[in-house]
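Engineer: So the protein lines, in turn, are chains A, B and C.
Take the first sequence: its letter number 6 is residue 6 in my numbering, and every next letter is one higher.
Count along the second sequence from 1, add 367, and you get the number used in my numbering.
Count along the third sequence from 1, add 577, and you get the number used in my numbering.
Fair warning: there could be bad hints in the mix.
[What the hints assert, rightly or not] Dumping the calculated SDA-like pairs for lysine to any residue here, alpha-carbon to alpha-carbon at most 20 Å:
(1) K548(B) / S1176(C)
(2) K917(C) / V272(A)
(3) K1113(C) / D87(A)
(4) K995(C) / L76(A)
(5) K538(B) / S1176(C)
(6) K221(A) / E1188(C)
(7) K221(A) / S1176(C)
(8) K995(C) / S82(A)
(9) K548(B) / I1133(C)
(10) K917(C) / D348(A)
(11) K221(A) / D1030(C)
(12) K98(A) / S855(C)
(13) K1108(C) / E86(A)
(14) K391(B) / G1029(C)
(15) K366(A) / D214(A)
(16) K391(B) / L684(C)
(17) K1178(C) / S542(B)
(18) K1178(C) / P423(B)
(19) K538(B) / D1179(C)
(20) K917(C) / P90(A)
(21) K391(B) / P759(C)
(22) K221(A) / G1029(C)
(23) K391(B) / T1095(C)
(24) K78(A) / G1173(C)
(25) K992(C) / S82(A)
(26) K548(B) / M1172(C)
(27) K917(C) / L76(A)
(28) K208(A) / P90(A)
(29) K548(B) / G1173(C)
(30) K548(B) / I1170(C)
(31) K78(A) / T62(A)
(32) K917(C) / Y72(A)
(33) K1108(C) / P90(A)
(34) K548(B) / L684(C)
(35) K1178(C) / T378(B)
(36) K917(C) / T88(A)
(37) K1178(C) / R535(B)
(38) K391(B) / K917(C)
(39) K548(B) / G1029(C)
By construction, these hints were calculated from the structure, which means they are not laboratory data.
Here's the letter readout for the chains.
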Amino acid sequence: MKVGFDLAMMKGLKKWRLFSMLAALMFFLAACGQEQISTLTPRGPVASEQFNLLILSTAIMTFVIIVVVVVYVMALMKFRRSKVGEDTIPEQVEGNTKLEILWTVIPIILLVILAVPTVYYTYTQAEVAGMEEVDEEGNKTALTVNVNAHLYWWEFEYPDLGIVTSQELVVPTGERVYFNLMAADVKHSFWIPSIGGKLDTNVENMNKFYLEFDIESEGLKDGVFYGKCAELCGPSHALMDFKVKSVSREDFDAWVAAANEEPSAPESDLAVQGEELFVQNGCIGCHAVSAVGGAVAQGQGPNVATFGDRNRVAGYLDYTEENLKDWIKNPQEYKPGNNMPEYPNLSDEELDALAAYLMGLSVENKQ
Amino acid sequence: MAEEIKYTPQTWPEHPETANLEGKNKFLGFWLFLGGETVLFASLFATYLALKDKGPEGMTFTTQSLFSEGLPLVFLMTMLLLTSSLTSVYAMYHMKNFNFRGMQTWMAITVLLGLGFLALEIYEFYHYVHIGFYFSQSAFSSAFFTLVGTHGLHVVIGLGWIILLMLRNAKRGLSVYNAQKYYTASLYWHFIDVVWVFIFTVVYLMGVMG
Amino acid sequence: MSAIAQKKGFGSVLWDWLTTVDHKKIAILYLASGGFFFIVGGIEAMLIRIQLAVPGNDFLSAGLYNEILTMHGTTMIFLAAMPILFGYMNAVVPLQIGARDVAFPFLNSLGFWLFFFGGIFLNLSWFMGGAPDAGWTSYASLSLYSPGNGIDFYALGLQVSGAGTYIAGINFLVTIINMRAPGMTYMRMPLFTWTTFVASALILFAFPPLTIGLFFLIFDRMFGANFFDHTMGGNTIIWEHLFWIFGHPEVYILILPAFGIFSEIFAIFSRKRLFGYSAMVFATVLIGFLGFMVWAHHMFTVGLGPTANAIFAVATMAIAVPTGVKIFNWLLTIWGGSIKVTTPMLYALGFIPSFVAGGVTGVMQAAAPLDYQLHDSYFIVAHFHYVIVGGVVLAILAGLHLYWPLMFNQMLDEKLGKITFWLFFFGFHATFFIQHFLGLMGMPRRVFTFVGDQGWDAFNAISSGGAVFMALGVIVLVVNIVKTVVQNKPAGTDPWEDGRTLEWAIPQPVPFYNFKRTPLVRGLDTFWIEKQEGNKEGMTYAEPLSDIHMPNNSFIPFVMSLGLFIASFGALYNGEKTWAVPVLVIGLAITVISMGVRSWKDDHGYHIHKEDLMDDKGGKY
């Protein structure tokens, strides 16, 4: 019996071809998902390291599965009662110490192979000392973004640049971007799958980590990376999306310069009317229209200085005037549980004006 | 039936609390229960340590106040409870010697000491609430009252249990059926005492370090 | 003993069930109520899959979806899986170790009724203003923010049912330590008894942290405390720690008894002794021990720092070793055996690949940096359904077929059983395998809907389609049970013909006092040894026939649990309704007074006399 088992193991091992297997695996996995949102198409070093761990662990685990399945199938084929005879009483084997040692030691070796890069990356990916580095003039060398998660929207504050934006993060490519993460109300979790794993935004303490963007997001579907809230945070958790624009360093600097300017005056009459309505209805009390400034208090709304540059309305609806007007009229219908008051009494003309105003607010156009 | 046998000091078993299977089961089960209770208090202690001195801006009552405000009183409480643990040992000594009256007397003294402890603890809490350190004042106050209060609740349950046992068996006398009940009650009382030693150390004495 | 044979009216039958302290009847109570909650949780699962079948679906509203997903998880873990396993433990363990009952029959009944009332209380939330909606983990910032009474129902309901579980845990520990028949040494205990033992030890140490966490939540929400309110100095991470210090062992509380059931099945239906018995015992204990060392792997993304993450990552990987040992020992048990593919064996065979798949994804998530990607995505949803459904639920279904003849003296239909298996097994893999990829493709978990055209549409549709097959499987199972109960054909002793342990040696239907004479255990698989030596009776006895001491039935456990049930309403509406505090006090008083009555009354049980035992059917002397 024992000989049969060993032979089966050897046969299983011989069939095993690590490299072809790995190649096939990578090909299959990379074919899954869309570039702007899939962890299987890493577009930054953090996600790449994590993807490599995925491949390594999958390979090890596939090996384990194959060994188990080979023994399992052989046992099933050879030892069915119909094969061995109705009245056979099998030998009552107690066990086998050598085998026990074998299947204790081999898994330990496999796990060590996995544990070494795991521990290594756990430390390197937690490295945030670069956040504090300064050049000769005392300016920070790296970009830091404070991410403040609100029910159900995201605020991105650039503390060293004096600007703030929301719902759509703009970052330069090819350098480490550091993040300070915090939640304003309940716990959320910040996740850009193609760029790197998630980190929670807690209510009582700040989490820090870095991400790096390899490519500019322009070529992607919609021209952005997708970001998600990954921690259940209430009814509209599913809709708490954000987008990321990664641009070259020059473009980023230009964007920062434009954002630091005062917002330009509305162009059309309709938009001027919209600006008045925006003030009269008190929208301005919650929504700042200039990107210059800092984080808002809990309960306030997102900054709309870049509204015209956005990819989505309310983070997930297609960017159309129709959706914007529906949203203003009845935000609870589109994001249940959010903190924006409803404005059911706005007339269609007023909504047209507000939409024209908001969609004209842009930083990119000033570049 | 075991419980119908009339015992004399000579026939009384050496370990009456585990004289039959039921007694053995309760003995073991109660020890396991205390194991779980230990984890329960460990969770409370860990929370207390995490939340001590945490509260809204401008909170004045801190662990140091516990040390300075509470210590003399709490020291007295500690002495009462430690002594009551000793008196319950005497009660168990008499139980093993089949001396029902001696056991009841020492149990009664234990109860009196426990009641003294409880009265002082209620006074202590009353005092804190009076000077503005109440349950919902801060995370620190919630953790303090929950930890010390859970212990206090254990004291109440222990006292109620022992009193009930004494009243119930006053006329019945000692048997292997109730010897085991007295034994577990006194075990519980010792446990309460041990937990208090930790509370005294961690909450009050260590308060001096802030 | 003629009284037991008398026909009884409905009232007295009901009274008998409400007051029973017989472990075999309590087993049936656990199985029936656990089964009911399993159906409820299953319906909730179907609603979830209907909602997610297509993008942008509005079948369920956002808030309602969160309530359903919370109740699905909570119900399945606390009210279905654990009670059903308790049912098997009650039915099997005392018989397996040669005991007349559990150590504390009264507490056994109390444990059941606490679970039952806690479960009912939790589910009443549906009819009283809305169910809890913060997930089964109920993370503190959200659970404090959540409006309405849903979370209050969660905290109080779990507190009451958790107390029942805790009591049951102590009961099984003492039973197994003290009540084993002569000759049943620790290293002769069947694996199901061993796993029950270790699972009970986990309950003993894992439930107190949950109790404390729930009390904090109750105090914060209903009594003005500030444990988790960061504006008052509180800290929500404390909840996460307490919850997972409980929550991770909880996973092993579920899976270890499942391992036990499969260990029995592999040995019985291979006609072969369990391979590497002592390694299996050692692995069980080691898994239980390590189970307490790894809770923070649920919190890799919380920001505990690289050192904590690295330590917990490596500790988590270590658990794979004893688990792997188990898998290989099972394989070597069937290797060289004589495999008969009955329905229980079919489930056990289905379990091996399913659970291995679930286990390996667990190791993948132990790699902390990789987990940053996998955590809270559909990958984790796939993983824990692979271990819980592929491990625990398959064990529950296997155990249902295996132990049905032991519990009811009837055989479930084998043909229908196999149909159920194939429907369920296929549906399970179709539903969950694909979810691994959804997670890798960036889909977060606990989303009530998703925007179309992100590459997720087809996979979600397939997943929902798979769920239909699982539901069909369960429907066939219900048909099977109804058919079997209606036909009521006695199965007799040793219905599987290859039973190896004591529970199969006992005459059917099992007498209410279990063993007329306490058996003498002569080795591992004692019944098998007796059969091999040609002993027709299947047992050697350790004592001559004598009187048997039995406990009296009692209504007090029911009343005590009812008191806590009533008190829970008082706590729930504290500060909202004027009657809240009186109701809280009255409820607690009912519990305390009935405890007092229990202590005050003499209750020595009764004896069955030797002469009556000789007349009783089921044995010949």
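Engineer: Now tell me, hint by hint, if it's right for this structure.
Structural biologist: Each hint tested on the structure:
no.	hint	in the structure
1	K548(B) / S1176(C)	holds (9 Å)
2	K917(C) / V272(A)	violated (82 Å)
3	K1113(C) / D87(A)	holds (18 Å)
4	K995(C) / L76(A)	holds (17 Å)
5	K538(B) / S1176(C)	holds (15 Å)
6	K221(A) / E1188(C)	violated (86 Å)
7	K221(A) / S1176(C)	violated (73 Å)
8	K995(C) / S82(A)	holds (18 Å)
9	K548(B) / I1133(C)	holds (19 Å)
10	K917(C) / D348(A)	violated (74 Å)
11	K221(A) / D1030(C)	holds (11 Å)
12	K98(A) / S855(C)	holds (14 Å)
13	K1108(C) / E86(A)	holds (17 Å)
14	K391(B) / G1029(C)	violated (64 Å)
15	K366(A) / D214(A)	violated (26 Å)
16	K391(B) / L684(C)	holds (16 Å)
17	K1178(C) / S542(B)	holds (15 Å)
18	K1178(C) / P423(B)	violated (52 Å)
19	K538(B) / D1179(C)	holds (13 Å)
20	K917(C) / P90(A)	holds (13 Å)
21	K391(B) / P759(C)	holds (16 Å)
22	K221(A) / G1029(C)	holds (14 Å)
23	K391(B) / T1095(C)	holds (18 Å)
24	K78(A) / G1173(C)	violated (63 Å)
25	K992(C) / S82(A)	holds (18 Å)
26	K548(B) / M1172(C)	holds (14 Å)
27	K917(C) / L76(A)	holds (10 Å)
28	K208(A) / P90(A)	violated (61 Å)
29	K548(B) / G1173(C)	holds (13 Å)
30	K548(B) / I1170(C)	holds (18 Å)
31	K78(A) / T62(A)	violated (24 Å)
32	K917(C) / Y72(A)	holds (15 Å)
33	K1108(C) / P90(A)	holds (15 Å)
34	K548(B) / L684(C)	holds (16 Å)
35	K1178(C) / T378(B)	violated (26 Å)
36	K917(C) / T88(A)	holds (12 Å)
37	K1178(C) / R535(B)	holds (9 Å)
38	K391(B) / K917(C)	violated (43 Å)
39	K548(B) / G1029(C)	violated (66 Å)
This entry does not satisfy hints 2, 6, 7, 10, 14, 15, 18, 24, 28, 31, 35, 38, 39, going by the numbered hints stated previously.
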